[in-house]
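Trainee: Could you build all of it, start to finish, from the sequences and the hints given here?
Quick mapping for you: the protein sequence lines, in order, are chains A and B. 197 is the number of the first residue of the first sequence in the working numbering; add one for each residue after it. 154 is the number of the first residue of the second sequence in the working numbering; add one for each residue after it.
In case anyone wonders, no lab produced these hints; they're calculated from the structure. Treat the hints with caution; some may be incorrect.
[To be verified] 30 Å max Cα-Cα, derived DSBU-like pairs, lysine-lysine:
1. B:Lys263 / A:Lys284
2. B:Lys326 / B:Lys252
3. B:Lys252 / B:Lys224
4. B:Lys228 / B:Lys252
5. A:Lys360 / B:Lys490
[What the hints assert, rightly or not] The following label-pair restraints were derived from C-beta to C-beta distances:
6. B:Val213 / A:Met314: 44 to 50 Å
7. B:Trp185 / A:Met305: 38 to 44 Å
8. A:His225 / B:Leu254: 24 to 30 Å
9. A:Val358 / B:Ile377: 37 to 43 Å
Since the structure is predicted, the reported quantities are computational estimates derived from the model, not experimental observations. We put the CB at the ideal spot given by N, CA and C, even for glycine.
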Amino acid sequence: MAESILFYGFAAMILIAGLMVVISRNLFHAALWLALSLFGVAGIYVLLSSYFVAGIQVLIYIGAVVVLTIFVINMTREITGDMNAPRKTAVVPALLASALTAALIISAMLKTDWASRMSRAPASGADNTELIGRLLLTDFVVPFEAVSMLLLAALIGAVVIVSKDTGEKE
Amino acid sequence: MENGEEMELIRELLYNSGEPLSEFYRWLHKAWAGFSVPPVFLDLMIQFAVAAAVFGFVAVNALWIIYYERKFSAKLQIRIGPNRVGPLGLLQTVADTVKLLIKEDINPSKVDRVVFILAPGIVFLGTFLTMLVIPFGNGLIAADLSIGILYILAVSGLAVIGLLAGGWASNNKYSLMGGMRSAAQIVAYEIPVLVVILGIVMLAGTMKMGGIVEAQAGYRWFVIYQPIAFLIFLIAANAEINRAPFDLPEAESELVSGFITEYSGMKFAFFFLAEYTNLFIVSAVAVTLFLGGWEGPFFPPFVWFIIKTYAVVTVLMWMRWTFPRIRVDHLMQFSWKYLLPIALVNLLVTAIVIKFI
Chain A
197 MAESILFYGF AAMILIAGLM VVISRNLFHA ALWLALSLFG VAGIYVLLSS
247 YFVAGIQVLI YIGAVVVLTI FVINMTREIT GDMNAPRKTA VVPALLASAL
297 TAALIISAML KTDWASRMSR APASGADNTE LIGRLLLTDF VVPFEAVSML
347 LLAALIGAVV IVSKDTGEKE
Chain B
154 MENGEEMELI RELLYNSGEP LSEFYRWLHK AWAGFSVPPV FLDLMIQFAV
204 AAAVFGFVAV NALWIIYYER KFSAKLQIRI GPNRVGPLGL LQTVADTVKL
254 LIKEDINPSK VDRVVFILAP GIVFLGTFLT MLVIPFGNGL IAADLSIGIL
304 YILAVSGLAV IGLLAGGWAS NNKYSLMGGM RSAAQIVAYE IPVLVVILGI
354 VMLAGTMKMG GIVEAQAGYR WFVIYQPIAF LIFLIAANAE INRAPFDLPE
404 AESELVSGFI TEYSGMKFAF FFLAEYTNLF IVSAVAVTLF LGGWEGPFFP
454 PFVWFIIKTY AVVTVLMWMR WTFPRIRVDH LMQFSWKYLL PIALVNLLVT
504 AIVIKFI
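Mentor: Now the structure itself:
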């Protein structure tokens, strides 16, 4: 019972915070709501006893993604107030994009065979960090390395773009 | 006879608190079963009691550590330091805290009120959550999570959001600059720390805080195997808690006080509390990862843990009062061009040694 109370609590937190991200006119507030929403997702992972994934969720998404988002917002001209509020003309494309994403997620949810997936999941409460590590370096080593290469390429690309800008000034 | 048993229990609690504590826990549950209330409530109450104990420790420890810093810096500068309130000035920080708490709670009119009030809370939350997995002794840990050290890295990132929020909400250029600097600094120095900790986790074979200490049993402290990692950790950790020579986020001579410029009274007290608790936490993590945690002869484990932690705290204070502040571009270069490559090589060598020896 306690588990379902916590689940609905976290789910409500994710949804309400997610909604606030979209409707809040103040970009900085939106970023803070985003952090809260991602924190709720970490809570769901804890309920699923995926402690490692929960830790990584907080470390990467809140500790890095939201921090960088806030960093960028801080660099804009007007630091408080609604000057940076998104334009209302973007409503139609935004709705279209969200509808497409929602359709994709819902179709994936309907197609998934939940029963057989559930039976293959490791026992709840077990420490699955070791299992994740083992799988990443055996069965999933090719996708894992591919993602690493992609991230490395993005990193080097960003450095190259930035250094070209400063090079022209000198 | 009974007296002897009691002494035995106290001895057990001092030296190996895990077993008697869990016995007490089972006894509580048995007693609770007499009432017709679900045991979830008892567990909740125990959790609250543990959290309250940790909070109490945070508050008292901060009082003492601030006094210690003031006395220590006075020694280094050939001054006396606080010596008026109480014997040896011991009650100085208590008086200061009371003053801060009863001060008027000022919210400047141009600030973003909600975020301005929230920011010190977020910073303190990040610090407080980290305290929960510090292993003071064998079993003396609020929650020995299986992802222990990863959890510390994760929740300490919450504080960055608090600093950025405080800097932004103050609507003040110095505060904003301070917040930005602290975020850039913490993100840059978190990476060497992460890489260094990876080496330790590889050596210990676990991320559990208790497990890491147990892996060093028999005085095989990881500082012997990973001396470079220890140095990198100390330097980078010092930068992460924004202390001199890495105190650019609140550099008095450049930014007034950085992100805390507009804060006063109670809210300022929260930033201050978090700052000094972070100093303790960083030292405690260094002790857990490199200096064998609670291990030591004669004294009970938690006494050793406190002694070692305060030794590291002293080294960090010594660094603070010895070196001048470094420049912001040097700060970034130092992390990305020196600490990170050295940490990566260290990790690679550790991996090769573990694999082949």
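Trainee: Straight-line Cα separation of Lys228 (chain B) and Lys252 (chain B) no greater than 30 Å?
Mentor: Given that 30 Å is the threshold and the Cα spacing comes to 26 Å, the pair holds.
Trainee: Against the range 38 to 44 Å, how does the distance between the Cβ atoms of Trp185 (chain B) and Met305 (chain A) compare: consistent or not?
Mentor: holds, 41 Å
Trainee: A range of 37 to 43 Å was offered for this pair. Does it hold for the Cβ distance of Val358 (chain A) and Ile377 (chain B)?
Mentor: holds, 41 Å
Trainee: Is it true that the CA of Lys252 (chain B) sits at most 30 Å from the CA of Lys224 (chain B)?
Mentor: Since the Cα atoms of Lys252 (chain B) and Lys224 (chain B) sit roughly 20 Å apart, the hinted pair holds (cutoff 30 Å).
Trainee: Checking one constraint from the list: CA of Lys360 (chain A) to CA of Lys490 (chain B), max 30 Å. Satisfied?
Mentor: holds, 20 Å
Trainee: CA of Lys326 (chain B) to CA of Lys252 (chain B), is that 30 Å or under?
Mentor: holds, 28 Å
Trainee: Take the C-beta atom of His225 (chain A) and the C-beta atom of Leu254 (chain B), compute their distance, and say whether it sits inside 24 to 30 Å.
Mentor: This hint holds: roughly 29 Å between Cβ atoms.
Trainee: When you check the alpha-carbon spacing of Lys263 (chain B) and Lys284 (chain A), does it fall within 30 Å?
Mentor: Holds, because 27 Å separates the two Cα atoms, which is no more than 30 Å.
Trainee: Do Val213 (chain B) and Met314 (chain A) keep their Cβ atoms within the hinted range of 44 to 50 Å?
Mentor: Once the Cβ atoms are compared, 48 Å apart, the range 44 to 50 Å for Met314 (chain A) and Val213 (chain B) holds.
Comparing the model with each earlier hint shows no violations; every hint is respected.
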